[in-house]
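Chains E and B, in that order, are what the protein sequence lines are.
The first sequence lines up with residues 181 to 406 when you count with the working numbering.
The second sequence lines up with residues 181 to 406 when you count with the working numbering.
Bear in mind the hints are in silico, worked out from the structure with no lab data behind them.
Keep in mind that the hints are not guaranteed to be accurate.
Same chains, same names: a pair is fine if it fits in one copy or spans any two.
Said to hold, decoys possible - Keeping only pairs whose Cα atoms sit at most 25 Å apart, straight-line, the calculated SDA-like set for lysine to any residue is:
# : residue 1 : residue 2
1 : LYS184    : PHE392
2 : LYS248    : ASN328
3 : LYS248    : GLU336
4 : LYS183    : CYS385
5 : LYS248    : GLU393
There are 2 protein chains.
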Amino acid sequence: MNKKAVVLLSGGLDSTTALYVALRDGFQAAALTLDYGQLHQREINCARVNAEALAVRHEVVRFGMPWKGSALLDPLIPVPAGRSPEAMQSTIPVTYVPARNTIFLAMAASYAETLDAEALFIGANALDYSGYPDCRPDYFNAMQAALNLGTKAGVEGRALTIHTPLLRLTKAEIVKLGQSLGVPFERTWSCYRGSEEPCRVCDACVLRAKGFEEAGLQDPTGSLSA
Amino acid sequence: MNKKAVVLLSGGLDSTTALYVALRDGFQAAALTLDYGQLHQREINCARVNAEALAVRHEVVRFGMPWKGSALLDPLIPVPAGRSPEAMQSTIPVTYVPARNTIFLAMAASYAETLDAEALFIGANALDYSGYPDCRPDYFNAMQAALNLGTKAGVEGRALTIHTPLLRLTKAEIVKLGQSLGVPFERTWSCYRGSEEPCRVCDACVLRAKGFEEAGLQDPTGSLSA
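Full structure from sequences and hints, please.
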């Protein structure tokens, strides 16, 4: 029987690549998408399409967060535009969703326990990123300790290990890795705005463009009609 | 301006007492109830009634967990009956909800950040309890470390402190504390079964009865028509 993993799949470039890494590494993957009320719901469509194309079991759990507090949740908070990758890391931006990765990992751990999965995959990145605190290596180490102590799996000595295969890669390295694994970039969505086409100026678009440019590849995004 | 706290309020005896402790300690409390699909939905009614009676802001966030894996979620898994308090701690029972307190604390932290709250209250107890791993002191210390590293509040040096005022109390001590603070016991619901009356044989009922008996008090539960 294959070892099992729960993969947090937002539908973006990073999480989709993380799913492909999990499959490459021999895991039987179950994808988990959390619909927390993000305005860019298009990414969820991408998650659905990719999970289905891979015949990967997929759960979408919806829990609108009534408290918002992020530009990704509240249409009244403008998404920052035109920031350089360097500027992104100087402060935590308004696109920060409070405690998002802690919620994501907690939900993934819960799902993983019911599947007897041994691994959680998350496509977090701490190099070309927006300076979110819950994308940093120290944070993942702390969450690992909490899951070891706070889950049945952890207490009974079965591994429930957080895998962060993209954590220390540049965006260009992620793009190259994705290409080598056959990630359908045209079916991934990164833009923080939920419009028909990527805005090309939000942090997510800027970082994605930087990655493709430095990898020497063309980004096919925009061709998805999902 | 009062210091603010988010209080995880399930609607049971412990969480309701934790809410009263937060208010006693001078916090402006916002209550958070998580409807994760628990079969004993009656406790949510209690949470609503008590928050309203106290004029405490209250959010109920619903996210049915499609994966179940617990007797509290899956009607096909029988709730254990007639276990002694000692037996409860020998193994993790089927009423364990995978990673529940990690999900709860993550959601509470998220809400707390948007309120600029400095405290999270959770009515967990590690003495008269069912042996759940996510009710133990070491686990809460690990989660505190994760929240310190993984939230904007933590990174910016504002406290986001987990308060576990009941952690090392016996159930009798919790009952006495609740009585001294005026907790309306008749409007709290502990039973794991969602019937009209408490079953009196599940772990939650057994522990509650033990608490009232050892405190020398009568449990008025059952008189709530909510």
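Each hint, compared with the structure:
In the homo-oligomer, the alpha carbons of LYS184 and PHE392 never lie at most 25 Å apart, since the shortest distance is 31 Å inside one protomer and 45 Å across protomers. In the homo-oligomer, the alpha carbons of LYS248 and ASN328 lie at most 25 Å apart only across protomers (20 Å), although the nearest pairing inside one protomer, at 30 Å, exceeds that limit. Only between protomers do LYS248 and GLU336 lie at most 25 Å apart by alpha-carbon distance; the minimum there is 20 Å, versus 37 Å within a single protomer. In this assembly of identical chains, LYS183 and CYS385 lie within 25 Å of each other by CA distance neither inside one copy nor across copies; the values are 35 Å within and 39 Å between.
When the C-alpha separation of LYS248 and GLU393 is checked against a cutoff of 25 Å, the pair qualifies neither within a copy, at 34 Å, nor between copies, at 44 Å.
Consistency with the previously given hints fails for numbers 1, 4, 5, ordered from lowest to highest.
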